[in-house]
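**Q** Below are the chains, spelled out letter by letter.
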Amino acid sequence: MSIAPSLIFFLQVWGGVGAGVALLFLAWGIDRIDEDARGAYVFRVLIIPGILLIWPLVLWRWWQLEAQSGRWLARYQPVRRAHGLAALAMSVAIALIVFFGLSARQDWPADIAPVRVETGS
Amino acid sequence: MSVKYIPVQWNPNKWYYDGIMLVGVAAFLWVFLYITPDALGHERPINPQIHNARAFGACAFTMLTVILCIGPLARLDHRFLPLLYNRRHFGVMTAFVAATHAGYILDWYFAFSSRSPVQGLLEANTSYGQIAGFPFEILGVFALICLTLLAATSHDFWLKFLTPPVWKRLHYLIYAAYAAVVGHVVLGILQDDRGIGVNLLFIGGAALVCVLHLAAWWQGRAEPMGIAATGWVQVAPVDAFREGFAKITKLPDGDRVAVFLHEGQLSAIANACAHQNGPLGEGKIVDCLVTCPWHGFQYDVRNGQSPAPFTEKVPTYLVKVEGGAVFVNPAANPPGTAVAPVPLEKGAT
Amino acid sequence: MSDKPFFVGYLPAPGGLRGCLVLAGALLMLGMAAAGFALGVAQDDPGEGAFRFDYGRQTVTGVVELTPYPLIHVTEGNDRIKAGETFMMSAGGKSGVDGRAAPLAGQVAQVSGVMLERGDLYMLQLRGGRNGIRAAEGSGAVPEPQDLGRWRLAGEICDGKCLSGAMRPGRGLAHKACANLCLLGDVPPVFVSTQPVEGSEFLLITGPDGTALPEAAYDYVAQYVTVEGQVRRHGSLLVFAMDPDTLALAP
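Keeping their order, the protein sequence lines are chains A, B and C. Position one of the first sequence corresponds to residue 0 (numbering that gives the first Met the number 0), numbered consecutively onward. Position one of the second sequence corresponds to residue 0 (numbering that gives the first Met the number 0), numbered consecutively onward. Position one of the third sequence corresponds to residue 0 (numbering that gives the first Met the number 0), numbered consecutively onward.
If you're looking for bench data, these hints aren't it; they were derived computationally from the structure. One or more hints might be untrue.
Only part of the chain C face toward chain B is listed, based on derived beta-carbon distances under 10 Å [said to hold, decoys possible]:
(1) 6
(2) 10
(3) 14
(4) 15
(5) 44
(6) 52
(7) 54
(8) 55
(9) 92
(10) 113
(11) 246
Counterexamples of contact, computed for chain B against chain A with all Cβ distances above 10 Å [said to hold, decoys possible]:
(12) 102
(13) 178
(14) 215
(15) 341
From a predicted model like this one, the values you see are computed outputs, not experimental measurements. A virtual CB, placed ideally from N, CA and C, is assigned to each residue, including glycine.
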C-alpha cells in the first residue's frame, strides 16, 4: 500500500497549522517579543514561508521569549564543535555515496548474446 | 543591524555581490540552454523540458558547490571574507534555481499520468533497497526542502528570534542537503552519463567542497585554551596586544573571549557577535567600535552595546593585568554591562 | 590579522582588497559560464526515437489481440503501416489503451493516432475516445502465435512509449521513475535486447501466462539485466513472457 496519500495529507495538515501559527504570530505575537518588528510590516511577508515550515520551533521560541525562560548566555555560545562534525559527516557521506554509486554503474552488456534455452513447441 | 526590520537592507556592496551572482547564473543558464544544443549536434535534440531541467539542476549544483566553498575559504584566508558577507542572497537564489529544476521535472517526468505529479513522484519508483535504480529523486526532494527552509529563514529576524546558535544548527542542514544533492546526481544522471567531463565536474566539485571543509576544520581544531590561574584565565602577555585588535582566548567552559586594546586600555567582550555569532575578536576597532568581520555589526568595547539606534548587546568580562600578562575573569557579565577599561601598563612585570 | 585590509560590508571595500574582489567576481562569472558549457555539452545523444507528427495522422484497421497489452494485427494498412504488421499502442500521456481495447479483443477495429518511431520499433499513440479506436467493418482473426522457445536474454526493461521517442532520452536510470509511472499506467513494456532475437532487437514484455509486467520487474526497470522467458511471435512482433524468478543484474 502506498504511503503517498497519507504523506501528502500530513504535509497539507502541517502547512495548514503553519498558516494558522503564521497568522497568529505575525498579527499579534511578533510585536510582543521583538521590538524591532514593531511598526515594520513589509518584512513579515518574507517570514511566512519559514513559519509554514518550522512552526513548532516558532511556537517553542515564542513561548520561551514570553516566559523569558531562555538562558541569556546561550545566545553567545556558537556551535563550533558541531561544525567540524557536520563537515566530517558530510565528507564521509559524500565519499561513500560516490564510491558505492559509481561502483554500481553498469556497462551495456553488448557481448551477452540471446540464448535459446529450450526450443518451442 | 536592526532598528526596524525591512525586507532587505541594501547597500552598494550587496548590489555588486548580487549583480555578479546574477550575471554568473544567467551566463550558466544561457550557455547551457542556448549554446550547447548546437555544440551537441544531436540529430534529434533532447526534449526542451529535460534540457531546461538539466540546465537548472546543474546550475543549482554549481551554485551550491560555490556557496559551500566560501565558508572554509574564508576561514583559511581572510581575503575571502567579503564573499561570506552576502552569502545568504546566493543561497536564496540557489533555492529558486533548484525549485525551477524541480518544477520542470515534476511537470514533465511526473506529469501526464493519472496520478498527481507529487503522488507520482512518491509512488513511481520505490526501489529503496538498491543503489543503482534507487529513487534518487527523493534525495533531491530532501535537498530542496532543506534549501527552501534555509532560504525561508534567512532574514535577520530569524537570527534574532531563534538565536544564532539555534539558527546555525538549523542551517547546518546545508551539509545534509549537499550530501543528498551529490547522491541525487551520482545515483541519477551519473548512472547514465559516463562522459569524463560531467563526472569530473560533479565529483570534482563535491571533492573540492569536502577537501576545503576538512582543511578548515583541521586548521582550526588545535586552538589552545587560556591558562586558568586562581579562577582567572590568562589571555596573553601584555606585549602581544596591538592597538585596535584583540586576542581571543578559550575559557574552560568552551566560550571564547575577545580582549581588545583600544586607546591603550584593555576591554573584554564575548567573541560571539549577537547577530550571527561571528568571531568579534577577528575583527578590529573601526571608529572606536569593535566591528565584526562577518557582517560589520559594531559594539562599544567598554560595554558590549551597539551604538544607538541599534540595540544589539554582547556580554562583557572583567580584565586584569598581572605579572606582565593579561587575564580575564571567566564569569560573563550580562550583555551590555559596562566595565571600566584596564590600562595596559606595558612593560609591567 | 593586523594590518591586512578589513572588509566591512556597508563601507567601500578597502583598496588592498578591491583587486582580489574584482578577480573573484570575474572568475565566478566566467567560471559559471564555463561550467554551463562543460555540463551542457556533456549530455549524451538521446537517440533517434521521436513522435512522428511529420508523418501525419495514421489510421489503419486490424484485429485486436490482448497479450494482455493490446496489439493490432493490421488488415488494412496505409503507406507507412502495411497490412500484416503488428504494433503496440498507447493513449495520450502515461496511459495504455487496455480499457478501450479490451471490449474489442479478437475483433476488427480501426485505430487512429500519431506514430512514435525508434528504428524498427514503432507504436501508435491513439486519439482520445472512439476517435482513437473503434470497432470496424471487415474480417480477420488473430494470427496463431508461433512459439520460439524459452530464451535467456540480456538487455533493459523500458516503457515502450518513452523508448519509442515520447521522451528523449527515454531510457536509462535517470528516467526510471518516469518509465515506472508509464508502466503503472499500462503503457506496454519493451525489452531492448543486447543483440537481435530472431531478427528483432525489441520485444514486448508480459508476465508468464498472459499476465501484465510482473511487480518484481519494476525494481529492475532501466537496469541492465538477464532474464529468461518464453518468446512467441505474434504477427510481426515478438512477445517475451518473462519469468520474474530468473531476473538478475547483468554481470
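**Q** Sort out which numbered hints this structure fails and list those numbers smallest first.
**A** Hints 3, 6, 7, 8, 10, 11, 13 and 14 not satisfied by this model.
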